[in-house]
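A.B. asks: Chains G and S are the protein sequences, given in the same order. To convert, count from 1 in the first sequence and add 1; that's our numbering. To convert, count from 1 in the second sequence and add 833; that's our numbering.
One or more of the hints may lead you astray.
[What the hints assert, rightly or not] Computed cross-link-like contacts, SDA-like style, restricted to lysine to any residue with a CA-CA straight-line distance of at most 25 Å:
hint: 1; chain 1: G; residue 1: K270; chain 2: G; residue 2: P141
hint: 2; chain 1: S; residue 1: K945; chain 2: G; residue 2: A205
hint: 3; chain 1: S; residue 1: K958; chain 2: G; residue 2: V106
hint: 4; chain 1: G; residue 1: K270; chain 2: G; residue 2: V106
hint: 5; chain 1: S; residue 1: K1095; chain 2: S; residue 2: S1085
hint: 6; chain 1: S; residue 1: K945; chain 2: G; residue 2: R37
hint: 7; chain 1: S; residue 1: K945; chain 2: G; residue 2: P278
Derived from the structure by calculation, the hints contain no laboratory data.
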Amino acid sequence: MSATLDLTGRKHTATREAAPTNALACRSPLRRRAWRAGSIALFVAAWQAAVHCHLSLGIVTFANVPSPADAIPALWALLHSPRLPMHLAASVTRVLAGFCAAAIVGVALGLAIGRYRALEDMLMPPLEILRPIPAVAWIPLAILMFPSTELSMMFITFIGALFPILLNTIHGVDAVDPRLVATARGLGTGTLSLYTEVVLPGAAPSIFTGLSIGMGTAWFCLVTAEMIAGQYGIGYFTWESYTLQNYADIVVGMALIGVLGMGSSLLVKRIGAALTPWYRLRGARQ
Amino acid sequence: MSTPLAVRSDTRASAPLAPHSPGRIAVRSLSVEVGPQHARFAALHSLDLDIAPGEFVCVLGPSGCGKSTLLGAIAGHVAASRGEIAVDGVAVDRPHPERGLVFQQHTLFPWKRVIDNVAFGLKMKGVSAAERRREAAELLALVGLAGFESHYPAQLSGGMQQRVEIARVLINRPRILLMDEPFGALDAQTRRMMQTLLLDIWAQIRTTVVFVTHDIDEALFLGDRVLMLSQRPASLVADIAVPLARPRRDESTTEAAFVEIKRRCLSLLREPARAT
């Protein structure tokens, strides 16, 4: 049947077109993963070498930096410390609470602002002024505004995650093909269904990009947030190590935040990819 | 609500498609102006048209003459500046599922599988998932796409995407099918296949079709009537009956009558160009 021929013909062209860019990926995903793990090992080795040789580049010197050889025992000690689960639980709770609040507020505001010009004119100017304010500048106000330090800390991570989510959602809604909106209307779609059937799925890839970046920036703000904290949290641990001049532990805290941030960002990205399976298919045609 | 639905599925069971009730289109001294406030121009100028229920009418005209504007106005996407359009005596003022529109570039939802794209109109009417998927599967079979239900639009060729688009519009049982150069982006062979397919579908459902094209052969192959529009602002130049027998096949395009009408259309298309 010609229709079937049609499809196979299309598939061939698609693979042919994709071949040059994906040649590396197609060859062996396992080898690629090995390269990526190797890159981290190489980075750690370079760091160790720089500290070991007291590398000095004029304006920056590694002479006083803790080396991986110092950090690994510190990490080992922390991993066996009974305080680690509490540090982790406290930080993960704060980041998740701030991130979830930012996701709800950011996506809802973004969907509304992206669709209605009047809302954009009304809400965007103050938001644009708030956006460049760094999280650390919010600390005093956060303490004044919230009844508990826990809520203040969640607010700081919320501020960090909100703007990437909001701006990516607005961008995604703006980019929804107006022809699809017109078509949906022609097929009998009402205002509410238009959101659930067209605007939300159309903006979804962009929203997930925002969520993934927002997850990263929530962790980014963790040390800032936990400067307020009294006892627990990876950020608090890092900040406390600094005040106690416990330099190896600073590096351990930094590395933990980096790994957790990367992991959770990746998780959000994976969930996004699983929920938008059509998005990988867009290619030659669209 | 449930009774007419039950009746409908009974009729469906016997025939692949129950007859739609085709609509009558009446266009009265229609003028349409388009473009931004400071640069408005007339796309249509006091146009009068009557299209009978179940008729297949092709609209021909030089490119940019306002053919698409006419379709958009009948669909309800473009507002009339003066005059009015009525379908079965009811004035058109907004888009409605009873007037299905198919464009040259497909407007399928990329995030919905083929079956859910086709079933979309029924979902908006509140039909249950099982029932709407059953009807959508029947329509997919009608357009020759059985077996592609769970593909995404991006996995289909251009011709197949247009078939899905047609099926999606047909599921609303439109009184009027409006087609804006739907096969314009397809290669010649696929286009002829799609034209034949469209005629086969139309033979089964007999909805009123308004088909815009700039391809004379396509218009004569498909239509009962060909409306020739002038350059912008478009007005009606000629209303040509196409008395070729149906069903039409490839051989129809070489009949003496076909060639004669084609010659007439060509000279009509050339005339206004010479005048300007």
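A.B. asks: Which of the numbered hints above does this structure break?
C.D. replies: 1, 3, 6
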